[in-house]
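S.K.: Turn these sequences into a full structure, and let the hints guide you.
Below, each chain spelled out in residue letters.
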Amino acid sequence: MSTEVIGVRSDAATPLATVRRIAIVPAFNEERNVGRVLDELHALDPGLDVVVVSDGSTDRTADVAASRGAHVVVLPFNLGIGGAVQTGFRHAWESGYELAVRLDGDGQHDPAELAALVAPIAAGEADLVVGSRFVAAGGYRSSAARRVGIRILARVVSMIAGQRLTDTTSGFQACNRRAIAVYASDLPHDYPEVEGMVLAIRHRVRVVEVPVTMREREHGRSSIGALASIYYMIKILLALFVDLFRRDVPPLDA
Amino acid sequence: MLSAVTPLKVSIAATVVSLLLLLGVFELIRSRRLRERYALLWLATGVVLVVLSAWRGGLNTIAGWFGVRGYPPAVLFAVGLLFVILVLLHYSTVISRLADQSTILAQRVALLEAKLREREHE
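Chain order of the listed sequences is A and E. Be aware that the first sequence starts at 25, since it is given in the numbering used here, and climbs by one per residue. Be aware that the second sequence starts at 202, since it is given in the numbering used here, and climbs by one per residue.
Hints may contain errors.
[To be verified] Each pair of labels, with its calculated beta carbon distance range:
no. : chain 1 : residue 1 : chain 2 : residue 2 : range
1   : E       : 241       : A       : 169       : 16 to 24 Å
2   : E       : 211       : A       : 254       : 30 to 38 Å
3   : A       : 82        : E       : 238       : 21 to 29 Å
4   : A       : 170       : E       : 316       : 40 to 48 Å
5   : E       : 297       : A       : 119       : 17 to 25 Å
I should point out that these hints are in silico values taken from the structure, not numbers from a laboratory. Yeah, the Cβ is synthetic: ideal placement off N, Cα and C, and Gly gets one too.
M.R.: Structure representation (structure tokens):
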């Protein structure tokens with residue numbers, strides 16, 4: 025019988041078969057969505073540990089996650105997605121995990137896509153793999169304004185990174201130990217995906233994008249409105265601009 | 202009666218000072234002593250002051266709109282003051298949030314310590 029790691033057959037002697045692996049699931053008031061995500065993860069790969077970071081949730085998110093056997097970290101108040109995700113990466117780092125996948129607790133990231141996400145790491149071709157909605161055509165519906173924003177950010181980040189990147193706001197990611205170390209030590213707080221990707225590249229983390237399709241949310245609404253998007257956009261562009269003038273990248277705590 | 206114009210020296214001095222403010226804020230962000238989130242309002246202040254200081258025709262025109270006939274640079278003071286008030290108000294909300302959060306943290310730590318002591322006594 026062949027062993028499987030997150031749906032990736034490891035007959036080809038990939039080193040991941042024995043690797044300690046964890047899914048980091050940030051969740052803010054996702055009691056109706058997080059249970060299904062955890063069930064799907066368990067069905068896919070029973071050997072995959074899961075840490076759910078409840079980011080100041082006021083509903084039963086933590087209870088639901090605990091009842092599914094996940095390791096649950098409850099933040100005493102809302103830190104924002106960056107702080108929540110970094111908590112997960114700190115846990116992954118300190119507990120010695122070799123592979124971490126990050127997916128949102130709202131169910132928009134389909135665990136079935138994890139196999140594709142992990143493949144480049146298994147092949148030793150990447151340290152950080154990002155699920156992109158735009159590598160392949162179709163697959164993502166959103167407001168026009170938001171799509172334009174995502175496009176602009178992708179352009180800017182590609183320019184800074186010297187590498188073509190199409191979806192810098194995707195929170196659907198897989199990390200090896202090296203990328204975990206970067207995110208555990210320094211992940212921007214407000215809107216971590218974009219700046220985090222630039223940061224990772226500056227740490228010479230090899231980033232690869234793979235195409236994914238994202239699902240519609242089943243319950244509830246996304247936490248980012250139109251006006252907030254513009255505010256975020258300005259803030260991120262400012263952060264990226266200032267990053268250009270930062271000479272010393274902070275060292276890893278590795 | 203024609204409106205007065207901004208003296209050149211005032212424009213130059215105000216522009217230099219505003220630019221120094223922008224530079225200072227930028228350096229604070231760069232050295233990670235100021236988070237972008239809290240710098241945006243300062244940067245907006247700096248940009249508006251630079252524009253009003255350097256663009257002398259604009260300052261005179263705006264002064265005219267508000268009926269400031271005698272001394273157009275008074276508008277610079279007014280705008281500067283307005284932004285300082287905005288920044289202070291913003292910081293008041295930030296401090297309130299931090300105070301709430303540190304209360305929660307103190308409670309959580311105290312509860313954890315109590316739990317730990319109970320365990321040690323068992």
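S.K.: Hint by hint, which ones does the structure fall short of?
M.R.: Number 5 - this is the single hint that the structure violates.
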